[in-house]
Amino acid sequence: MVSRAFACLVLASAMAWPSAAAAAERAKAQVACAPTGKKLVYECEIVLMGRKSGAPLQGAKLVVGADMPSMPLAHNVRPVTAAPGGKPGMYTATIELEMHGEWALKLDVSGPTRDRLIHKMHFGAAKGATTGHGHHMKK
Amino acid sequence: MDDHLVGVLSNIGMISFIALSAYLLLIVGEISFGQQAFFAISAYASGIATAMWGWDFWPGLAWGAAVAAAAAVLVGIPTLRIRGLYFSIATLAFAEMVRLVFEVFKYQVEIDGEMVGPDGSDGFRDIRYIFENDITAVEYMLMIYGLLAAVLCAFFLLERSRLGSIFRMIGQDPVLAQMQGIDVTAYKILALGMAGLVAGIGGGLYAHLTTFVEPKIFNVMLGVHSLAYGLIGGLGTAFGPLIGVAIDIGFLESIRAISGYRMIAFGGLVAVLLIFRPRGLLDEAAVNWIRLRLRRRHA
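If you're matching them up, the sequences are chains A and B in order. Numbering-wise (this note's numbering), the first sequence opens with residue 1 and increments by one. Numbering-wise (this note's numbering), the second sequence opens with residue 1001 and increments by one.
Just to be clear, a hint being listed does not mean it is correct.
To be verified - With a straight-line Cα cutoff of 25 Å, these simulated DSS-like cross-link-like pairs (lysine-lysine) come out: (1) B:K1216 - B:K1106; (2) B:K1216 - A:K120; (3) A:K120 - B:K1106; (4) A:K52 - A:K87; (5) A:K120 - A:K38; (6) A:K61 - A:K120.
None of these hints come from the bench; they were simulated from the model.
With the rest of the complex left out, here is chain B (with noise of 0.2 Å):
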């Protein structure tokens, strides 16, 4: 397979859990600009983890996530409380916070006569798990995919579960949740901690993939980026999210000649979308017509 094929592919499935995971943010009704956030911590500690302290992979991106996820709900703890815009802004000020830390936060150790580690802004570099252990860049698409399918299997059996219907409902009222019982605050937390863990898979596959992640990776772009997805794809099934990823990365990236004006273009195409069907190409009437095509088929 050609190199930039994987290396494309390899992007939308890496980007895919930061979409993942700022979707389920929506259905609990909640903007975060602050994904990137997750997904630079699991990056780090996934890092360390398998570069500096020599853990194997899957625990190390197993410890990556679970740190981004126990991130979230410390943030979600306080920021919670507030709601709407405030919210979006304490997730937002929270990411440019972690941003900023890693900008200097140094740790390093000497491996092999090198220093290997987080240098402040300078990064770091040398997180070499794959090339140390002769995986292939195909290999690694494959692994990065069977998560993804993993993951997508998690949200599908959410999504018909009580817990999912508790989210659906929290996101489109959550007064009336409240009315029904429903501890909001207690269940939005529990539904950032999983968006954590969500991001923090992908920020672990990614900084494997790259060897190299800097603070400046994880500015308020990426964090825009991965909302934007969920509003284009669609809030109706945790497949919207991924068309957005592939509308973006995969449909623009191949259109070479508008390469330069990309940025330009996918933000037109969100305000576009976001006029005509501000739930995103695949939003629940859109989920329920398909269902009731397919039900109609197979009856």
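Here chain A stands alone, though its shape is the one from the complex (with noise of 0.2 Å):
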């Protein structure tokens, strides 16, 4: 019992302590998505800028992903890496949902700086619209 508890404890305090690091200009993101030709998958186009410069953001590594805000958890799809776009902080991404509804685009952004972008987006079921807003777009 004394062991156990002795080896909870050095476990417990095993942990790392977060390390403190300087922070980068925020980003900021629009998106818009547009239905391929194939069921539930779309084509998005984002534009990374700094939030404050709001100077394109190039070279930048993102990755986009997305979560059902009513299904945590349950419905998620697999991160993909976005390409550069043809303008400058330009990405484009190729997602394939797993059903329509509304969808919460994970932007993870790394190099010149770190960040997640969270983008809020309905894919319709109709003509496979899409409406949107993020959080830094509202503005």
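Fit the two chains together into the complex; they arrive one by one in their own frames, and the hints show the way.
See the structure below:
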């Protein structure tokens, strides 16, 4: 009993304390998704920029995932790495959803800055229409 | 390590806390459909502490878990006087009430020129501690599993303690336990508080990993799943709910071919197990059999 308690204490104390690091300018994103010919497959164009400067964020690694807020942890999309698009700060990614409905796109940015942007978007059944908003776009 | 794998493993770790929380109540013989409420309360409370009040992660997480535990005790005092199905309905009603409160809960402060904080049904964004402190996804996953290991250790110590025996006795036969002089309601309130604390740890971890929470996340679906994990994995040991989580998020997640039908497969699995193994895969009999085999091997 005592040895088990000691082992538990050692294990708990072994958890690393997070280290601090310098913060870079935060990112914001504009997202537009359009249906492709394939069912539930969408092509998304994402424009990344500095939140304050508005300057296009180039050379970032962008990984796009998605979760259904109404079914947390139940339906999520395998994240895909976005490819650089035609314009500065633009990236494109093809995502395959499991069903229609409201999804929260998770945009994981790394490189010049590290951030996670959440962009809620409705992927509708009718003509594959999408509507969306992200908190970074509300101003 | 692959990003997706890290994400799935982190999800398994986080949801294990709410599964253990529901398991603890199953041990004392109560079925709660409302553990998601304590998960939500902690997600918001710990998020407010780190994102708005500038607290460090660990005090923020402890604060969230403590608030969830306090809420659980407050809920337990009136509801544990009712039994069985009525208690289950009361917990479900409470969880829905909490979700609806968060739908209208607005509390924001200006940080760095931007409004941060819960914004009703739009949710609570920018819980960015792990990004601001440069904690990688793998490091955060290790933190989740470090905490999970500590909680599991606490469960194993509990199950070998007098308190654990009292919990199981109450779960098996509350009338007999009461005849032995045990204050059944007081111990059930204690169990509910402990379950709230465990769910709260999971909620705080969840909020900081996703950086975003909204009331919709904490609907009845999460509560039903947390309950089902214990019923699938088994009530004989604290490993049981973890097996349930691993089957749902690990196994079913890995079979992408059935992804669209995953919930149907999961529901079917629960139904089949409730018929053939009503106390789950690792029920008390299975655990005793494994212990006996291990003892014989070591003898």
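Hint by hint, here is what the structure shows:
The suggested pairing of K1216 of chain B with K1106 of chain B holds, with an alpha-carbon distance near 15 Å, which does not exceed 25 Å. Using a Cα cut-off of 25 Å, the hinted pair K1216 of chain B and K120 of chain A holds, with the two alpha carbons roughly 12 Å apart. Straight-line distance between C-alpha atoms of K120 of chain A and K1106 of chain B comes to about 19 Å, which keeps the hinted pair within the 25 Å bound. About 20 Å separates the Cα atoms of K52 of chain A and K87 of chain A, which keeps this hinted pair within 25 Å; it holds.
Taken as a hint, the K120 of chain A and K38 of chain A pair is honoured in the structure, with Cα atoms around 22 Å apart against an allowance of 25 Å. Under the criterion of a C-alpha separation no larger than 25 Å, the hint pairing K61 of chain A with K120 of chain A is consistent with the structure, at around 21 Å.
Checked against the numbered hints above, the structure breaks none of them.
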